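Student: Sequence:
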Amino acid sequence: MAYRRGKDFENYVKKILRREGYFVVRAAGSKPVDLVAVKDGKVFFVECKVNNYVPPEDREKLRRIAEETKLDVLIATHEDGRVVLRRLFNGGGG
9 MAYRRGKDFE NYVKKILRRE GYFVVRAAGS KPVDLVAVKD GKVFFVECKV
59 NNYVPPEDRE KLRRIAEETK LDVLIATHED GRVVLRRLFN GGGG
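Its first residue numbered 9, the sequence shown is counted upward by one per residue in our numbering.
Hints were generated in silico from the structure; no laboratory data involved. A few of these clues could be false.
Claimed, not checked - Distance condition first, Cα-Cα at most 30 angstroms in a straight line; then the derived DSS-like pairs of lysine-lysine:
#, residue 1, residue 2
1, 47, 15
2, 22, 78
3, 50, 39
4, 23, 39
5, 78, 50
6, 39, 57
7, 22, 50
8, 15, 39
9, 39, 78
10, 57, 15
11, 47, 22
12, 15, 78
13, 39, 69
14, 47, 57
15, 78, 23
16, 22, 69
17, 15, 69
Source: prediction; values computed, not measured.
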């Protein structure tokens, strides 16, 4: 049930990002990143969480990805009936 709920949320976030003009693909296997979003030449990795919790081991993997790729990692959560995107790690790629 949790897997289905998570996948449904990923698809919902993907739909919202596409509506905002992003090109979005679901990452294969969905680990450690769920979505890759591109707009105006800027690439973001997106981790989707129905709740706001990212386990420490996942957080460390995402930090390394941001550092190695120089790309930002965002977390998409569901709060007060809407999707909220926050920068989890700044990749520093400008």
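Student: Now look at each hint and say whether the structure bears it out.
Tutor: A quick look at each hint next to the structure:
1. Only pairs whose Cα atoms come within 30 angstroms are accepted, and residue 47 paired with residue 15 is accepted, the gap being roughly 23 angstroms.
2. Proximity of residue 22 to residue 78 is assessed by CA-CA distance (about 22 angstroms); at most 30 angstroms being required, the pair is judged to hold.
3. For a cut-off of 30 angstroms, the pair hint linking residue 50 to residue 39 stands: about 21 angstroms separates their Cα positions.
4. Proposed proximity of residue 23 and residue 39 is supported: the alpha carbons are some 19 angstroms apart, at most 30 angstroms.
5. Of the pairs offered as hints, the one joining residue 78 and residue 50 holds, with about 11 angstroms between alpha carbons and a cut-off of 30 angstroms not exceeded.
6. About 12 angstroms separates the Cα atoms of residue 39 and residue 57, which keeps this hinted pair within 30 angstroms; it holds.
7. Under the criterion of a C-alpha separation no larger than 30 angstroms, the hint pairing residue 22 with residue 50 is consistent with the structure, at around 16 angstroms.
8. At roughly 12 angstroms between alpha-carbon atoms, residue 15 and residue 39 fall within 30 angstroms of each other, so this suggested pair holds.
9. Under the criterion of a C-alpha separation no larger than 30 angstroms, the hint pairing residue 39 with residue 78 is consistent with the structure, at around 18 angstroms.
10. Pair hint residue 57 plus residue 15 holds up; C-alpha atoms about 10 angstroms apart against a cutoff of 30 angstroms.
11. Of the pairs offered as hints, the one joining residue 47 and residue 22 holds, with about 13 angstroms between alpha carbons and a cut-off of 30 angstroms not exceeded.
12. Between residue 15 and residue 78 the alpha-carbon distance is near 26 angstroms, which keeps this suggested pair within the 30 angstroms criterion.
13. A distance of roughly 10 angstroms separates the Cα atoms of residue 39 and residue 69; the hinted pair therefore holds under the 30 angstroms criterion.
14. With a C-alpha separation of about 22 angstroms, the suggested pair residue 47 and residue 57 falls inside the 30 angstroms cut-off, and the hint holds.
15. This hinted pair checks out: residue 78 and residue 23 have alpha carbons roughly 25 angstroms apart, not beyond 30 angstroms.
16. A distance of roughly 22 angstroms separates the Cα atoms of residue 22 and residue 69; the hinted pair therefore holds under the 30 angstroms criterion.
17. For the suggested pair residue 15 and residue 69, the alpha carbons sit about 20 angstroms apart, so the restraint of at most 30 angstroms is met.
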